[in-house]
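Hints in hand, dock the two standalone chains.
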Amino acid sequence: MARAVVTVPPQARRGEIVEIKTLAQHTMETGFRRTQTGELIPRDIIHSFRCTYNGTEVYRVELHPAIAANPLIAFTTVATESGTLQFQWAGDNGYTVTEIAPIKVE
Amino acid sequence: MRLRFTLLFACLLSATAGGGEIPLSERRSGYELMSRETQKIQDDDATNPGTLWVLDGEALWSTKSGAANRSCADCHGDARQSMKGVAARYPAFDAVRGKLLNLGQRIDACHVERQKAPRFAYESKELLALEAYVARQSRGLPIAPKIDAKTNPFLEAGRKAFHRRQGQLNLSCSQCHDDNWGKKLAGSVIPQAHPTGYPIYRLEWQNLGSLERRLRNCVFGIRAQVPEFGADEFVALELYLMWRARGMKIEAPAVRP
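Chains Z and L, in that order, give the protein sequences.
All residue numbers for the first sequence refer to numbering that gives the first Met the number 0, where the first residue is 0 and numbers rise by one.
All residue numbers for the second sequence refer to numbering that gives the first Met the number 0, where the first residue is 0 and numbers rise by one.
Next comes chain L alone, as it looks inside the complex (with noise of 0.2 Å):
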C-alpha cells in the first residue's frame, strides 16, 4: 500500500520543473525537518541509539586484531585527537588505488593492509561501529571534502549521477531533493539530502546504517538498477552530496526517521 503510494506521489512529482541547485543560505540538514521527538533522541547521548555503536568503536579502535596484531590505536593514537575532522573531509582520494575512497572504505582499507585482517563486510556491525566512532570526532565541525585535480572528475560524476533521470519511474535525486524538498512524499518529509550524519541511526531500520545503504533505498525506490555497495558511481555521488552540504556541521551519528 505504502509503495503503491509512493510511486504516485512520485509520478506526480516528475512533472514538475527543475528548478537547480539550492542556495547555500537555505540548506537545510534533515534534522530541522523532522519532529522534536526525533530531535530530542539524537541531542541526548542517553537516548541517541548511535551511542550504542560509538561506545563498539570506541572498544573496537583500541582492540587487536588481524595477523600483524595491531589496534587501531597502535598507529593513530587516541581518536579523539586523531580522527576529529576526519569524517568532514571523506570521500577523499587515494593515491595508491587512484581513485576515491569513502570513510568506510578507508577504515577496511587499513583493516586489510595495516592490521591485516579479512575484509569487513559491508554494513557489517564492526564496520559502522568504527565508522560512527570515528565520525563522532568530527561532530560539530564543518563538512569540508577537498576538491581539487584529482577528486574534481569524480564530482563532476556525482553531480552527473544526481541529475541523472534513471529508473522505471524516470527520475533523478535532484527532482526529489532539489526541487520538491520540504513537500511529502507518502506522509513523510522530502530532506534536502545532506549527508550531515552518517552512519545514521534509522528508526525505519531499527539500526545502524551508512550512507550507501541510504541511498540504495533511493535508488530502489525509483526502480531503478540499485549498485552494488562500494560501487564507484556511489562513492562519487557521496562526494558530491559532501560537496553539495559543504560548511553544514557534522551530527554523526544522527537519528533519522
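Next up, chain Z with everything else stripped away, as it sits in the complex (with noise of 0.2 Å):
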C-alpha cells in the first residue's frame, strides 16, 4: 500500500497565504544499513516531490536518504485562484503516488 495524504484549505481568499500539509508513507530506506548477516539493504527513498496548481509548478523538493521515514512536508502558497493542486511524489523501485486537492478562492 503507498499511501498518501494531503491537507489543503477547501477555500481561501484571494492572495491569502495557505498552508499545505503532505504525508506520504515510505520507509525511506538509506541503502547504507546492512542485515545481521552483513549484506547491503538496497537503498529505497522517494526522491522527489512536486506540487502543482492549475499546471504551474509551486513547489518543488529533492530528498535524500537522510530523511526520515514516511515524510510529512509541509509548505505555502499563494491562493490565485480556483482549481486543483496536484502532488506528486517519485521514488527508487518505481514508486509513484499522485494525490489531487481541489481548492475554491474567492
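Don't take every hint at face value.
[To be verified] Derived DSS-like pairs (lysine-lysine); straight-line CA-CA distance at most 27 Å:
1. L:LYS83 / L:LYS248
2. L:LYS183 / Z:LYS20
3. L:LYS39 / Z:LYS20
4. L:LYS183 / L:LYS39
5. L:LYS98 / L:LYS145
Hints in this document: simulated from the structure, not taken from any laboratory.
In C-alpha cells, the structure reads:
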C-alpha cells in the first residue's frame, strides 16, 4: 500500500497564504544499512516531490537518504484562483503516487 | 556510546529507594512530557504519521479476506460505532481460551477463526493498521479494563512483573516509572509508562509499533531475557499498565519520541 495524505484548506480568499501539509507512507531505506548477516539493504527512498497549482509548479523538493520515513512536507503558497493542486511523489523501484486536492478561491 | 550512558544512569537509578505507586492525581501521559513540536505532530491528523495506518486499517476493515471471504465489517458493521471504546477495555479475558488477550491478539483470533485466514505476523503492517484503526475509535475515552474474578489473577501477575527486579541491571519497571519518572535517562525524560496511545508512531522506530514492542525495548534495555511476542507474562503486564492508567484518555495513535 502506497498511501499519501494531503491537507489543503478547501477554500481561501484571493491572495491569501495557505498552508499545505502532505504525508507520504514510505520506509525511506537509506541504502547504508546492513542486515544482521552483513548484506547491504538496497536504497529505497522517495527522491522527488512536486506540487503543481493548475498546472504551474509551485513547490518542488529533492529528497535524500537522510530524510525520515513517512516524510511530512508542509509548505505555503498564495491562493490565486480556484482549481486543483496536484501532488506527485516519485522514488526508487518505480514508486509514484499522485494526489489531487481542489481549492476554491473567492 | 548511548547504551553505555543508559547503563550508567540505570545503575545510578537502581541505587535510589523505592517509592511505590503514583497517586492518581499525579499521573501524566507521556504526551505531557514530550516536546511541544512532537505534541503538535500528534495533535493534527494531517501531520500524525499514525493517520496512514488508520486509513490502511479503515480499508482493511471492509476488505473481504480468508477462506470465509468475509470482512470485519460483515460482522461488526461500522467500526466507528461498534469499535468505540473497545481499545479502552483491552486486554480482556477470553472465555474460549481461558486466558487474557490483548487487542492485537483479539484481532488476530478473529482473523483466523472467523475469516479463516492465516495468522498475522506480530508487528505486521496489516495487524498494526487494523489495531490502529480500532484504537482510533476510542480516542478521548477513558481507559477502563474490566477487573473481576477472572481477570484479577492476571492483574496481580502483571503487578508482580512490574515490580520484579530482573536482568543484569537488576531493575524493575517500577524503579524507573514509579520512582524516577520525570528525571532523565540518557538525555530522555523517563515517562510514567501509561499505555494511552498504542499503537504508537515512535520517531525512533520510524514506524508504528505495539505496546509489546515497546515493552520488549525496555526489557532489553535492562538486559533481561526478552519474552516472545504474545507471551502471557507480557499480556498480564499490559493489563496491569492499563489498570494503572485507568481513567486516563486514549490518544491512539499517539506519537512518541
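These are the hints, each one checked on the structure:
no., hint, result
1, L:LYS83 / L:LYS248, "holds, 13 Å"
2, L:LYS183 / Z:LYS20, "violated, 33 Å"
3, L:LYS39 / Z:LYS20, "holds, 13 Å"
4, L:LYS183 / L:LYS39, "holds, 22 Å"
5, L:LYS98 / L:LYS145, "holds, 14 Å"
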